[in-house]
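Sequences listed follow chains A and B, in order. According to this note's numbering, the stretch in the first sequence is residues 25 to 528, in order. According to this note's numbering, the stretch in the second sequence is residues 230 to 561, in order.
Some hints could be false.
[Claimed, not checked] Which chain B residues stay away from chain A? Per the calculated CB distances, all over 12 Å, these:
(1) F266
(2) T355
(3) F389
(4) L435
[As the list claims (entries may be wrong)] In silico DSS-like pairs for lysine-lysine, Cα to Cα no more than 25 Å straight-line:
(5) K82/A to K36/A
(6) K394/A to K450/A
(7) K394/A to K423/B
(8) K275/A to K296/A
(9) K447/B to K406/A
(10) K423/B to K406/A
(11) K423/B to K447/B
(12) K420/A to K52/A
(13) K296/A to K284/A
(14) K406/A to K394/A
(15) K52/A to K36/A
(16) K447/B to K339/A
(17) K447/B to K394/A
(18) K52/A to K82/A
(19) K420/A to K406/A
Everything labelled a hint here was simulated from the structure, so no lab data went into it. Glycine residues also receive a C-beta, built at the ideal position from the N, C-alpha and C atoms.
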Amino acid sequence: MHQLATAGGGEKPLLSLSDINMTFGGVKALKNVSFDVRPGEVHCLAGENGCGKSTLIKIITGVYRPADGASIEFDGETYSHMSPVTAQDRGIQVIWQDLALFPEMSVAENIAFQTVLGRWPKLVDYGRMRKIAEDALARLGVTLDVDLPLKEYAIAQRQIVAIARALVGEARLVFMDEPTASLTQSETDHLLDIVRGLSAAGVAVVFVSHRLAEVLEISSRITVLRDGALVGVYPAAGMTQSRITELMTGKTFDQQVRAKPRDGQPVVLDVKGLSRPGQFEDVSLTVHRGETLGITGLLGAGRTELALTLFGMLKPASGTIALEGKPVRFSSNRDAIAAGVAYLSEDRLSLGLIQPQSIADNLVISSLDKILAGGLLSEDRKGSLVGRWIADLGVKIGLQQDAISTLSGGNQQRVAIAKWLATDPKLLILDAPTVGVDVGARAGIFDIVARLAESGLAIILISDEVPEVYFNADRVLHMAQGRIVGNYDPRSASLAEIEGAVYA
Amino acid sequence: MSAIVERVKAVIGPEMAGPGLAFLAVVLVFGIASPQFLSAATFGSVAFQLPELGLLTLAMLLPILTGGLNLAITFTANIAGLTLAWVLQASGGVDAGPGAFLLGSVLAVLVGAASGVVMGLVIAFTRAHPILVSLSMMIFLRGLGEFLTRGGDVSGFPAFLGPLGHGSFLGVPIPLIVFILCVLAWHVLLTRSKLGFNTYMIGSNLEATRYSGINTRKVIVLVYALSGAMCAIAGIIMLARFNSVRIGHGESYLLITVLACFLGGVNPFGGFGRVIPVFVALVVLQLLSSGLNLVGANQHLATAVWGLLLAGVMVLRFVATKFKISFVRKET
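With these hints in hand, go ahead and build the complete structure from the sequences.
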């Protein structure tokens, strides 16, 4: 697996940057950063959100111009800054996380449109485009129908189309920004194979990913950035995930299983034989007071649909839900909230929080009745309620009136948790609570979860990252294709055992 | 000290900058251009012209805040006016008593609200675009009104309605009193009620609001119902001012109400906007047209200048944002 790790060793670097400085609105985004990539190597750029990774990539691809004194050396030529055109001409390509593709256009058009731009005569040669697209896909060992509109393909295939487009531009150096963020494990494995193939063909790949396991698997060297400064460059051999996390955050994390037996506590949620055909089948589970039940499984396993059913937003076809012994039937999520169920959405940007609105309004939206005085909303009551939760959950904010979108992912998530705690829930369902939250801030979120459980709240923790549920839940359920297929106690099961079952 | 400044800023709000500056500019320019501008007569004419446009603008404001639009406002107002006229005529026309007026007004408001409820239900349940839904309602109401009135005027109302359109109470025109009461009601609704709070939230993100446990359909239906009821109040005032009802009355106000909302800093995509800046924007528009009238410009030119004013304010807002950004960058 690691035979590629030494592929580029000892050669003259393909790309070499030094003295890179960049400032935005008074904030130093990059401080004297240097960075180099060897021909044909797979190099990982690691760091928390906001550490300067994207800024660095944008400087290399000519989007940003670094402060004076910078030196960018690419394949023998030295530049003080890049321009997008130079970067393209020299074979530097980026595949952004959003892929920047055209869903309505065909695969062939997506792959080859740049090659037909600016030629004379200004006519589109579809035959040539199709040929170019097929050749590029063949180099990746993939067959797709190049005439189909891109939107017909799933995200994994779109990723491959984006890579094929980069190859058409005679790429020498390809940046991949979080390429596996929305892929399943088998799709990720396939993508990593493609990356190895590129590397073997002499194309250097710079890989940006939050998933440290695959970073270690694929790369030969790792450059770590923290707060806009270079921490160091490390060979991947001998690195561990926890060591990278420490380097990225500057803190040490000692992850330990938090699970405790909670069976003696009264049952808060009792679900029997719950089904929604095509989404989940015959799900039975219980959650006790003070217990954190972890549910893991791949995307599409029916986890979110199950959660939305418990939250009253979807109706079960059959089965029963009982809260504290009483059977409940919700006609909407308003009934669920009134009964003491809260649901933190997996999609914080478009469903969990109202991004343009203020921190205060987002926090009180689900508990407006608590800030009424004489039938009208009271600014004073709102201010004190918000102030209390902000302090309690340690949210770092400027003004309560600032838009929630101005906060970091971790702080936004704390506000989202506070919004639900303000409704006095008995059961809190957390769906992928660390998506878009920095590694350092994740621990803080789980400290809050542990404290809430300790205070008696029943919690369902849903995550597709097995270690998250393994270390933070009292019990772990494995869901696959809509069914619960495994039930583990983290105190007796090993992480590898659960991961093996989930990613099988 | 800065805390006080923050507090004042929070009360006035950033939306106030546009209409506030426009107000100062209009008063300054016409104050210098025409000595009669800063007189009781100007303010008297503004005070009588403001309420019709103002009430219709209030009716437009709520749907815009939810990210929608109500194109049926003028026809809803006149259909409500027709309802009142019908009750008055059935009770003896010019001899109708105050009781008939009261009953007719209640029915008028109910008819206005009903038109809103229908639009709200369609928008909330089918997720059809508010422009299309309210456009359908607009065409329906216009056709219905033309059918009922044969395209003409309905008149012949009791004399005691005159003061409602032209009278004054303690020197303040009665239509203006009605309008200011409605402005205050809308202000309280939007800043202090759950419905108002949810209106803003829906305007920014309907799905996230629904996930937060808000009955978004109910909010949308209520918003359009209130919009329709406000149209009815405008319709009653128009009936009293013109001493007649015609389905086409105030038709040209429709897009001016949208303009007044945007001039008042309301976000065209919903979620943000306050009543008081919109009120100031309305005053500016009326002052502008009165001022142009005073310096001898053609009345039709006033409408053209309104358009220019809005475009100007948009450009100024854009420049102001740009300036702020470059200012921050220079600081570094």
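Going down the list of hints, with the structure as the test:
no.	hint	result
1	F266	holds (38 Å)
2	T355	holds (18 Å)
3	F389	holds (35 Å)
4	L435	violated (10 Å)
5	K82/A to K36/A	holds (23 Å)
6	K394/A to K450/A	holds (17 Å)
7	K394/A to K423/B	holds (11 Å)
8	K275/A to K296/A	violated (43 Å)
9	K447/B to K406/A	holds (24 Å)
10	K423/B to K406/A	holds (12 Å)
11	K423/B to K447/B	holds (12 Å)
12	K420/A to K52/A	holds (20 Å)
13	K296/A to K284/A	holds (24 Å)
14	K406/A to K394/A	holds (8 Å)
15	K52/A to K36/A	violated (30 Å)
16	K447/B to K339/A	holds (20 Å)
17	K447/B to K394/A	holds (20 Å)
18	K52/A to K82/A	holds (15 Å)
19	K420/A to K406/A	holds (18 Å)
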